[in-house]
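Keeping their order, the protein sequence lines are chains G and D.
FYI, my numbering numbers position 371 of the first sequence as 371, with every residue one higher than the one before it.
FYI, my numbering numbers position 167 of the second sequence as 167, with every residue one higher than the one before it.
Simulated from the structure, these hints should not be mistaken for laboratory data.
Hints may contain errors.
Each pair may be met inside one copy or between any two copies, as identical chains are not told apart.
Claimed, not checked - Calculated cross-link-like contacts (lysine to aspartate or glutamate; reagent style DMTMM-like; alpha-carbon spacing at most 20 Å):
id: 1; residue 1: LYS363; residue 2: ASP285
id: 2; residue 1: LYS55; residue 2: ASP439
id: 3; residue 1: LYS55; residue 2: ASP316
id: 4; residue 1: LYS363; residue 2: GLU328
id: 5; residue 1: LYS55; residue 2: ASP449
id: 6; residue 1: LYS55; residue 2: GLU117
id: 7; residue 1: LYS55; residue 2: ASP366
id: 8; residue 1: LYS437; residue 2: ASP389
id: 9; residue 1: LYS437; residue 2: GLU410
id: 10; residue 1: LYS437; residue 2: ASP406
id: 11; residue 1: LYS55; residue 2: GLU427
id: 12; residue 1: LYS437; residue 2: ASP170
id: 13; residue 1: LYS55; residue 2: ASP170
id: 14; residue 1: LYS363; residue 2: GLU395
2 protein chains.
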Amino acid sequence: MSASLLPALRTLLPTATIWDAAELASRDPGFDARNFGAAALVRPTDTGGVAALVKFCAEHGVSLVAQGGRTGLAGGASTSAGQVICDLSGLNRIEEIDPFARVAIVQAGVTLGALQEAAAEHGLDPGIDLAARGSATIGGMVSTNAGGIMAFRNGTMRHRVLGLEAVLPDGRVFCDLTRVLKTSAGYDLKHLFIGAEGTLGIVTRVALRLDPVAGASATALVGVPDAASAQQIVRHFLGSTSARLSAAEILWRNFASFMQRALGYSPGQLPLDAPCLLVLGLGADSMEAARAALEDGLAAIWEEAGIIDGLVASSDAQAAQMWRLREETVEIGRAHPMAPSFDVSVPGGGLDAYVARIEAGLKALDASYAPYVYGHLADGNLHISINCDGPVPHERHQAIEDVLYDGLREAGGSFSAEHGVGLEKREAYERHADPVKRDLARAIKGLIDPNNILNPGKIISTE
Amino acid sequence: MSASLLPALRTLLPTATIWDAAELASRDPGFDARNFGAAALVRPTDTGGVAALVKFCAEHGVSLVAQGGRTGLAGGASTSAGQVICDLSGLNRIEEIDPFARVAIVQAGVTLGALQEAAAEHGLDPGIDLAARGSATIGGMVSTNAGGIMAFRNGTMRHRVLGLEAVLPDGRVFCDLTRVLKTSAGYDLKHLFIGAEGTLGIVTRVALRLDPVAGASATALVGVPDAASAQQIVRHFLGSTSARLSAAEILWRNFASFMQRALGYSPGQLPLDAPCLLVLGLGADSMEAARAALEDGLAAIWEEAGIIDGLVASSDAQAAQMWRLREETVEIGRAHPMAPSFDVSVPGGGLDAYVARIEAGLKALDASYAPYVYGHLADGNLHISINCDGPVPHERHQAIEDVLYDGLREAGGSFSAEHGVGLEKREAYERHADPVKRDLARAIKGLIDPNNILNPGKIISTE
Chain G
1 MSASLLPALR TLLPTATIWD AAELASRDPG FDARNFGAAA LVRPTDTGGV
51 AALVKFCAEH GVSLVAQGGR TGLAGGASTS AGQVICDLSG LNRIEEIDPF
101 ARVAIVQAGV TLGALQEAAA EHGLDPGIDL AARGSATIGG MVSTNAGGIM
151 AFRNGTMRHR VLGLEAVLPD GRVFCDLTRV LKTSAGYDLK HLFIGAEGTL
201 GIVTRVALRL DPVAGASATA LVGVPDAASA QQIVRHFLGS TSARLSAAEI
251 LWRNFASFMQ RALGYSPGQL PLDAPCLLVL GLGADSMEAA RAALEDGLAA
301 IWEEAGIIDG LVASSDAQAA QMWRLREETV EIGRAHPMAP SFDVSVPGGG
351 LDAYVARIEA GLKALDASYA PYVYGHLADG NLHISINCDG PVPHERHQAI
401 EDVLYDGLRE AGGSFSAEHG VGLEKREAYE RHADPVKRDL ARAIKGLIDP
451 NNILNPGKII STE
Chain D
1 MSASLLPALR TLLPTATIWD AAELASRDPG FDARNFGAAA LVRPTDTGGV
51 AALVKFCAEH GVSLVAQGGR TGLAGGASTS AGQVICDLSG LNRIEEIDPF
101 ARVAIVQAGV TLGALQEAAA EHGLDPGIDL AARGSATIGG MVSTNAGGIM
151 AFRNGTMRHR VLGLEAVLPD GRVFCDLTRV LKTSAGYDLK HLFIGAEGTL
201 GIVTRVALRL DPVAGASATA LVGVPDAASA QQIVRHFLGS TSARLSAAEI
251 LWRNFASFMQ RALGYSPGQL PLDAPCLLVL GLGADSMEAA RAALEDGLAA
301 IWEEAGIIDG LVASSDAQAA QMWRLREETV EIGRAHPMAP SFDVSVPGGG
351 LDAYVARIEA GLKALDASYA PYVYGHLADG NLHISINCDG PVPHERHQAI
401 EDVLYDGLRE AGGSFSAEHG VGLEKREAYE RHADPVKRDL ARAIKGLIDP
451 NNILNPGKII STE
């Protein structure tokens, strides 16, 4: 877009905040420096404003990139010169929380944290949680099909969305704000917009399921010989109906040791000396019941799972200490700026073999590579960071991806579990996604956005 | 299709069973007499056979209708002269149950009952249940996005499917047999085939989540003044983490009284004298724990919810007696052959007002109308049968639909909760679904099936 169109935009959207390229250059672009590479940013305040902006851009052949909290990890919100950013943070109202129906109607720019707070007032919770909760927006989470810590129980964002409203590339509004779980009333087209990273429509409003929160939650840190052992423990707790497993995060030793050093934890402070650590969260009607259920459950499975060591947190402070080991992953970026990082789903019983295979494969590429591996045990979603500064050369990056992704699809896994494809995984998508699926995806992009107005070049390369 | 093509089909698919129209006329068509109106039925034995059949039909301009258990209630599998049935019952193998990953890979023709049995051997369950379990197939349940009794907790079929394989109208195979819950790897196109009633592809294989089963389950029958009271009870049990609510079925008095008479239950045998009855199922680690949790929970909420009467089943036989009140709905068809029946989702707190409104609206149409209303309380899915013989004249049917469906979409409900659109609700779809959604659906049908080969005229009218 040329700057000459800005006055027309200001006239069209008098209540919207509009920044030009110079203003953008002076602002914080979020997790990705490329987020603010556009000609302008427009922040409408309602669905009508978004629709007007989309129509304007379509008429002028200007491409639009929707942005939420700008916490994406795959470059899905990056922009280039001439593009316009549709900033959704002006659509920031929680329109309704229906405690009876356990449904929230929220605008796309509401942060996860704001929704968590509002729902908690009714003893409810969105059922999804992730570290970027303070800035990640519901619209962005829908657009990347975010997962997080509780997905093994509650599903990903796709499973939490009951209905949504989205502005199509021609400015029409697709409105399916269904609030019920059960609907079999024709093609469920809202799923086209979930995980589409703003390439098929701009999500403006969402109806989300809420769940009752457990009365109290207890945390344990358990040392185990391998992931298979950790999975036995998880299966034991999932099979019991007397308490509700709410988290099962696994940390392989290389990551756990790194975090222990980075956080300055002294040896012996926690049970840390094991090939794998498992952080368990368990909800129950009271704190006593939660702690007792964790202790009893671990005792019952101790021998069978070959547990090495374990501790149920006796205070919130101790629980927080356990969680920091898993969540303060920003420390990796401090030690290895822009370390190459990946996000895969590995099916069921294959975790130990997968980790052994990639450790060997990476070492074959470079003898100094010793990946940090951690993630969501119960759904097989592993995060992997390489212990080197990034970005690495393109060819090396591809070689690392091949080590990490080869065979994953055939095994039923995924090369992108919860971060999306964006720009970062576009080549991986071409190499590792089903070709019929890719053909169909390209055809659908061409059908819905024939002029390639919305977030061009993301997911599907347009050359 | 003319009969002259049958020999070529037999040559193409030597292992497939093939019936001509005469043979079809001598067989049981299932729930809908129109299911066997086709020129031929072909029963391939694998995905390759289905693909070859689709290609053959596409080349000869013959339309194909996929059929599973033929238990659909919306005419989605009905056929007409010249069409060919693709009978999926030959794809009847449970290919794998991975107890560790809690995933089943099944062919489309496997019945729900067969999968439930196979999963139970591993202490697992598909997490979805419905009365037609003995004949309904996984492929059919995927294609109608079936829901059933446990959807409020476990989601509908859409939420249970991890991956699927489908044959496209041009014979290509869309293969996305992902086994993991978390994947954000481009458009999740499998959702196009879920709930599409075989109009966009023929589902051949499915990867499904399995859940650990509770150790034991207890049942209660509770009399309450209204649905709001029943919802208070449900919310109480959902909020507790010490047991797992597995069923919450509601029966309005007119239906409950009818069933009581039809089943010959004597007064006083069960607590039946209340405006609404609630059948509750609760899972726990042992039968004692389940019964105690039901009793304690009901006692705790008794006053607040204004419970009129309640009984926790003391034996499996008594529990079965309670369940028959809800499940033996075939009695309606005996008393009122082909009674007009409907299947809606009503959001949250609106159940009592909705039922009052439709009772009055139906009475205004015909003073003798007193609908049987029952369904899945916790997700608002109500089944409604009119107490008259069917089919009623077209205009009357539409007037009944208007009473039942008007305002539902605006309130966030659905005119088709779990039965699909098929033929029966095509007009309702045109009148009550979002017009932008309908436009987009029609465009997608045109994109994927330009020659209208697969199940033409279902969901989307093709005139």
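Against the structure, the hints:
| no. | hint | in the structure |
| --- | --- | --- |
| 1 | LYS363 <-> ASP285 | neither (47 Å within a copy, 46 Å between copies) |
| 2 | LYS55 <-> ASP439 | between (27 Å within a copy, 18 Å between copies) |
| 3 | LYS55 <-> ASP316 | neither (51 Å within a copy, 62 Å between copies) |
| 4 | LYS363 <-> GLU328 | neither (26 Å within a copy, 63 Å between copies) |
| 5 | LYS55 <-> ASP449 | within (12 Å within a copy, 29 Å between copies) |
| 6 | LYS55 <-> GLU117 | neither (35 Å within a copy, 54 Å between copies) |
| 7 | LYS55 <-> ASP366 | neither (50 Å within a copy, 49 Å between copies) |
| 8 | LYS437 <-> ASP389 | neither (34 Å within a copy, 47 Å between copies) |
| 9 | LYS437 <-> GLU410 | within (14 Å within a copy, 34 Å between copies) |
| 10 | LYS437 <-> ASP406 | within (18 Å within a copy, 38 Å between copies) |
| 11 | LYS55 <-> GLU427 | neither (31 Å within a copy, 32 Å between copies) |
| 12 | LYS437 <-> ASP170 | between (25 Å within a copy, 14 Å between copies) |
| 13 | LYS55 <-> ASP170 | within (6 Å within a copy, 35 Å between copies) |
| 14 | LYS363 <-> GLU395 | within (16 Å within a copy, 73 Å between copies) |
Comparing the model with each earlier hint shows violations of hints 1, 3, 4, 6, 7, 8, 11; every other hint is respected.
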